Amino acid sequence: KAGVTQTPRYLIKTRGQQVTLSCSPISGHRSVSWYQQTPGQGLQFLFEYFSETQRNKGNFPGRFSGRQFSNSRSEMNVSTLELGDSALYLCASSLPTVTGYEQYFGPGTRLTVT
Amino acid sequence: LAKTTQPISMDSYEGQEVNITCSHNNIATNDYITWYQQFPSQGPRFIIQGYKTKVTNEVASLFIPADRKSSTLSLPRVSLSDTAVYYCLVGDNAGGFKTIFGAGTRLFVKA
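Protein sequence lines correspond, in order, to chains A and B.
Take the first sequence: its letter number 74 is residue 74 in the numbering used here, and every next letter is one higher.
Take the second sequence: its letter number 65 is residue 179 in the numbering used here, and every next letter is one higher.
No wet-lab data here; the hints were simulated from the structure.
Keep in mind the model is a prediction, meaning the values are calculated, not measured.
Be aware that a few hints might be false.
One side only, chain B facing chain A, incomplete, derived with CB under 7 Å [what the hints assert, rightly or not]: (1) Phe-153; (2) Gly-157; (3) Gln-163.
Every residue gets a Cβ at the ideal spot worked out from N, C-alpha and C, and that includes glycine.
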């Protein structure tokens, strides 16, 4: 079974621009979560989508948004990029009936804002 | 979400057994304990999950005492490739995921 895929893997953007990242979950997984990882802040939860609805949200400004499609694929968007948005953005998917925190992560998108 | 406390870093040598303990004093009745491993520039990888007593899989064992206020991840006979950050998470998925990763434990395995 294919794992979680994320595109693009690397991205360089300029401050003020916007960016859209894509995540394809494992087949059958309906929950998709997004995380930001930086050396200074570690792994931080952005939001989680389930059945096209945002179910949980972390403490990030409104410039960070996401959506999920009917096939469970998800996108996250960051508008008005800032230098501090440079990070590894990770997507994770999980089965709907699993207990605990059994999530499967993709390889991430490395975003560099200049 | 229960707060977890882990050692910041640990050193070991190849072939040794490594035990990483996580404290979670305010664990709730429905909470599970989950451990992840992360290599640099990669996403975390699910290692093991348990609720009570002992759980073992092909990668690791998880020991959970009766009061569930702590747990210990045991890695048998580590190799250099086990050098990574290990995260302990406590919670359940009621209402969806809202995973809070702590700083984790950086394990260094030396030759």
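These are the hints, each one checked on the structure:
1. Phe-153: Violated, because the Cβ-Cβ distance from B/Phe-153 to chain A comes to roughly 11 Å (cut-off 7 Å).
2. Gly-157: holds, 3 Å
3. Gln-163: OK, holds: B/Gln-163 within 7 Å of chain A, min 5 Å.
Comparing the model with each earlier hint shows a violation of hint 1 alone; every other hint is respected.
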